[in-house]
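Q: So you can see what is in the structure, the chains are spelled out below.
Protein chains: 2
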Amino acid sequence: MAQDFALITRDVPPPAPGEVQVRNLFMAVDPAMRGRMSDAPSYVPPFALNAPMEGPAIGEVTASNHPDFKPGDLVFSRLGWREIFNAPAAALEHRDRDALPPSAYLGFAGSTGLTAYAGLIRIAGLREDDVVFVSAASGAVGSIACQIARIKGCKVIGAAGGARKKAFLLDTVGVDAAIDYKAEPNLTKALAREVKALGVKGIDVNFENVGGDHLQAALALANKHARFAICGMISQYNVTDAPTVPKNLTMLMTKSIRMEGFIVLDHKDLEPQFMADMIAWHKAGLIRQAETVHEGIENALTAFNGLFSGDNLGRTLVKLGEPVHV
Amino acid sequence: MAQDFALITRDVPPPAPGEVQVRNLFMAVDPAMRGRMSDAPSYVPPFALNAPMEGPAIGEVTASNHPDFKPGDLVFSRLGWREIFNAPAAALEHRDRDALPPSAYLGFAGSTGLTAYAGLIRIAGLREDDVVFVSAASGAVGSIACQIARIKGCKVIGAAGGARKKAFLLDTVGVDAAIDYKAEPNLTKALAREVKALGVKGIDVNFENVGGDHLQAALALANKHARFAICGMISQYNVTDAPTVPKNLTMLMTKSIRMEGFIVLDHKDLEPQFMADMIAWHKAGLIRQAETVHEGIENALTAFNGLFSGDNLGRTLVKLGEPVHV
Numbered sequence: 001m002a003q004d005f006a007l008i009t010r011d012v013p014p015p016a017p018g019e020v021q022v023r024n025l026f027m028a029v030d031p032a033m034r035g036r037m038s039d040a041p042s043y044v045p046p047f048a049l050n051a052p053m054e055g056p057a058i059g060e061v062t063a064s065n066h067p068d069f070k071p072g073d074l075v076f077s078r079l080g081w082r083e084i085f086n087a088p089a090a091a092l093e094h095r096d097r098d099a100l101p102p103s104a105y106l107g108f109a110g111s112t113g114l115t116a117y118a119g120l121i122r123i124a125g126l127r128e129d130d131v132v133f134v135s136a137a138s139g140a141v142g143s144i145a146c147q148i149a150r151i152k153g154c155k156v157i158g159a160a161g162g163a164r165k166k167a168f169l170l171d172t173v174g175v176d177a178a179i180d181y182k183a184e185p186n187l188t189k190a191l192a193r194e195v196k197a198l199g200v201k202g203i204d205v206n207f208e209n210v211g212g213d214h215l216q217a218a219l220a221l222a223n224k225h226a227r228f229a230i231c232g233m234i235s236q237y238n239v240t241d242a243p244t245v246p247k248n249l250t251m252l253m254t255k256s257i258r259m260e261g262f263i264v265l266d267h268k269d270l271e272p273q274f275m276a277d278m279i280a281w282h283k284a285g286l287i288r289q290a291e292t293v294h295e296g297i298e299n300a301l302t303a304f305n306g307l308f309s310g311d312n313l314g315r316t317l318v319k320l321g322e323p324v325h326v
Numbered sequence: 001m002a003q004d005f006a007l008i009t010r011d012v013p014p015p016a017p018g019e020v021q022v023r024n025l026f027m028a029v030d031p032a033m034r035g036r037m038s039d040a041p042s043y044v045p046p047f048a049l050n051a052p053m054e055g056p057a058i059g060e061v062t063a064s065n066h067p068d069f070k071p072g073d074l075v076f077s078r079l080g081w082r083e084i085f086n087a088p089a090a091a092l093e094h095r096d097r098d099a100l101p102p103s104a105y106l107g108f109a110g111s112t113g114l115t116a117y118a119g120l121i122r123i124a125g126l127r128e129d130d131v132v133f134v135s136a137a138s139g140a141v142g143s144i145a146c147q148i149a150r151i152k153g154c155k156v157i158g159a160a161g162g163a164r165k166k167a168f169l170l171d172t173v174g175v176d177a178a179i180d181y182k183a184e185p186n187l188t189k190a191l192a193r194e195v196k197a198l199g200v201k202g203i204d205v206n207f208e209n210v211g212g213d214h215l216q217a218a219l220a221l222a223n224k225h226a227r228f229a230i231c232g233m234i235s236q237y238n239v240t241d242a243p244t245v246p247k248n249l250t251m252l253m254t255k256s257i258r259m260e261g262f263i264v265l266d267h268k269d270l271e272p273q274f275m276a277d278m279i280a281w282h283k284a285g286l287i288r289q290a291e292t293v294h295e296g297i298e299n300a301l302t303a304f305n306g307l308f309s310g311d312n313l314g315r316t317l318v319k320l321g322e323p324v325h326v
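For the protein sequence lines, the chains are A and B, in the order given.
Position 288 (the first sequence) corresponds to 288 in UniProt numbering; numbering is contiguous.
Position 52 (the second sequence) corresponds to 52 in UniProt numbering; numbering is contiguous.
Fair warning: there could be bad hints in the mix.
Repeated chains share a single entry, so a pair holds when one copy, or any two copies, can fit it.
To be verified - Quick list of in silico lysine-lysine cross-link-like pairs, DSS-like style, CA-CA up to 27 Å:
no.	residue 1	residue 2
1	K268	K224
2	K319	K196
3	K224	K247
4	K189	K247
5	K247	K182
6	K152	K70
7	K268	K201
8	K201	K70
9	K70	K196
10	K268	K196
11	K319	K182
12	K201	K152
13	K201	K189
14	K155	K189
15	K283	K152
16	K70	K224
To be clear, the hints were calculated from the coordinates, so they are not data collected in a lab.
Chain A with its partners taken away, still in its complex shape:
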């Protein structure tokens, strides 16, 4: 895969009229980028060949040729995978540099945070007494989903692969029970054991990031009228032969389960409420950024590949520069 990427150095001219120059501080990598590297039909177009990769980034304005932006402004863009760039003002969004640390806008206060928020609050209709099962719970979205569910008063069981991730869930993210699925010969039995240990009947909400045997375990342990927010099925993205599919879909009927896929783009209207909640929760010390930071654009591909090899804890970021205007 490395042979498909090239690191190119170019001079960046001063911004043209209407343009703004930005130095990125952080860029983020996420699994959805994998989808855009194939030309299968999807909700976003594939990446173009021989063009810079796109992706969420937070940066600082260094020069501006547009009245809405001034040097020192913190801006969000989808023009990651580059250190310095010029862009039309319309490609940039202001972020409050005083409310949160810059990287938070790529994490709990960014689209991964909104994904967790929309999935739990709107799709699953989270209620205070719910038992919530989160797969890929140590990941970018999962680690925020766990925290939101606990802030809302729910009991949370998180699954992740490896002892290091399990410890991260228990010690850093904060869950009521954690499963290291790699250490479990049978994930359904492991989930049943944790459900029993918590003294609950089953799970009411599944925040699904993995699919396959994780979805199967969630179906097996679901309570009647459980709601499944289907955020991702990372176990299926790199599969070219027969995908692993849950063998117990008939549970949908016997337990009257609702399963709903969603993409964050459809839930942008939640953003004001979401941002207000996140800033308030951060101020109250209730939510924290769980992140893995790689240094320098030359490590962007390593960061990206780490998403699939299972090295990442929380949101995977690449640090591209230090703020100049402090």
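We have chain A; now place chain B onto it with these hints.
A: This is chain B only, laid out in the frame that chain A set:
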């Protein structure tokens, strides 16, 4: 399987105080009974061994020892698989013998009708311009779902197995397009072809009775934000080895599909509105009972097995007697 059943003849005494004696006119068999023949956990308890089978029946009161019932009353019970029986009044429900023919209360105006109605109206949130795909469309529930969807102004594609069922869909049930899945090497391609022939983009609603490759085809052809009412997965009930599962569940995310299993028991509150609609639609000639009638209780098992061998068209009933009070 026949060796697991016995036809027993017993004398039926006069009804005790508080009891009513009923001669059944029709009993119905349905695939859900298969589930109750195993002791897997479900929403209804399994059938008891060495006891009469239960099931929906419509009958006529022959003698009564309870003030709410008099000879000639038409009554619904869950005490099918018997010709004459005594039951406490609480086990019987009155039905209007003038509004509809008796067998309709086991069909479009019975629980199969309510299943179709609840699945489309409440679970799928049927809208006038929806394209609806119904699997097992020639079956008891499917044949009513097709009719309700068309009454509501939708375009309907029905799938069923065999040329006879396909003709039944087109000629008797009434659909915009019919697929004989047994004649199609690839059901997804067949559905794509019918979608194209109808001049539509894809399907908005799936009324799922079959599961497996039918569900896979529905996922493949679903429009964005499609709603799937998961009523049954008959392809999976008699499967003891690995079930056939859809390989494209990731469509749930890419198309933001909502998939919801349901059981009719949870939607009894719709009954008054449902019954009023059905009687009005019947009076207007918009809905018809699609039924296969077997004669005599000695053929009840043949009728039941026909549900799985694919012999049945519409609701499968066993005629147990003629009305005496006309």
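Q: The structure should be examined with respect to each hint, and the outcome stated for every one.
A: Okay, the hints, checked on the actual structure:
1. Taking CA atoms no more than 27 Å apart as the test, K268 paired with K224 passes between copies only; the shortest distance there is 17 Å, against 30 Å inside one copy.
2. Taking identical chains as interchangeable, the C-alpha atoms of K319 and K196 are never at most 27 Å apart, the minima being 42 Å within one chain and 49 Å between chains.
3. Taking the shortest Cα distances, K224 and K247 sit within 27 Å of each other both inside one copy (18 Å) and across copies (25 Å).
4. Taking CA atoms no more than 27 Å apart as the test, K189 paired with K247 passes in both settings, with 15 Å inside one copy and 24 Å between copies.
5. Taking the closest pair of Cα atoms, K247 and K182 come within 27 Å of each other both inside a single copy (20 Å) and across two copies (23 Å).
6. In this assembly of identical chains, the alpha carbons of K152 and K70 never lie at most 27 Å apart, being 39 Å within a copy and 57 Å across copies at closest.
7. In this assembly of identical chains, K268 and K201 lie within 27 Å of each other by CA distance solely across copies; the values are 26 Å between and 34 Å within a copy.
8. With identical chains, the CA atoms of K201 and K70 are never at most 27 Å apart, being 56 Å at best within one copy and 46 Å at best between copies.
9. Taking CA atoms no more than 27 Å apart as the test, K70 paired with K196 passes in neither setting, with 56 Å inside one copy and 53 Å between copies.
10. Proximity of K268 to K196 under the C-alpha cut-off of 27 Å is found in neither arrangement, the shortest distances being 37 Å within a copy and 33 Å between copies.
11. For the homomeric pair K319 and K182, neither the shortest alpha-carbon distance inside one copy (30 Å) nor that between copies (57 Å) is at most 27 Å.
12. In the homo-oligomer, the alpha carbons of K201 and K152 lie at most 27 Å apart inside one protomer (19 Å), although the nearest pairing across protomers, at 40 Å, exceeds that limit.
13. Taking identical chains as interchangeable, the C-alpha atoms of K201 and K189 lie at most 27 Å apart only when both belong to the same chain, with a minimum of 14 Å there against 42 Å between chains.
14. For the identical chains of this complex, K155 and K189 are intra-copy neighbours only, at 19 Å inside a copy versus 44 Å across copies, given an alpha-carbon limit of 27 Å.
15. In this assembly of identical chains, the alpha carbons of K283 and K152 lie at most 27 Å apart only when taken from the same copy (16 Å versus 52 Å across copies).
16. For the homomeric pair K70 and K224, neither the shortest alpha-carbon distance inside one copy (54 Å) nor that between copies (40 Å) is at most 27 Å.
Of the numbered hints stated above, those contradicted by the structure are hints 2, 6, 8, 9, 10, 11 and 16, listed in ascending order.
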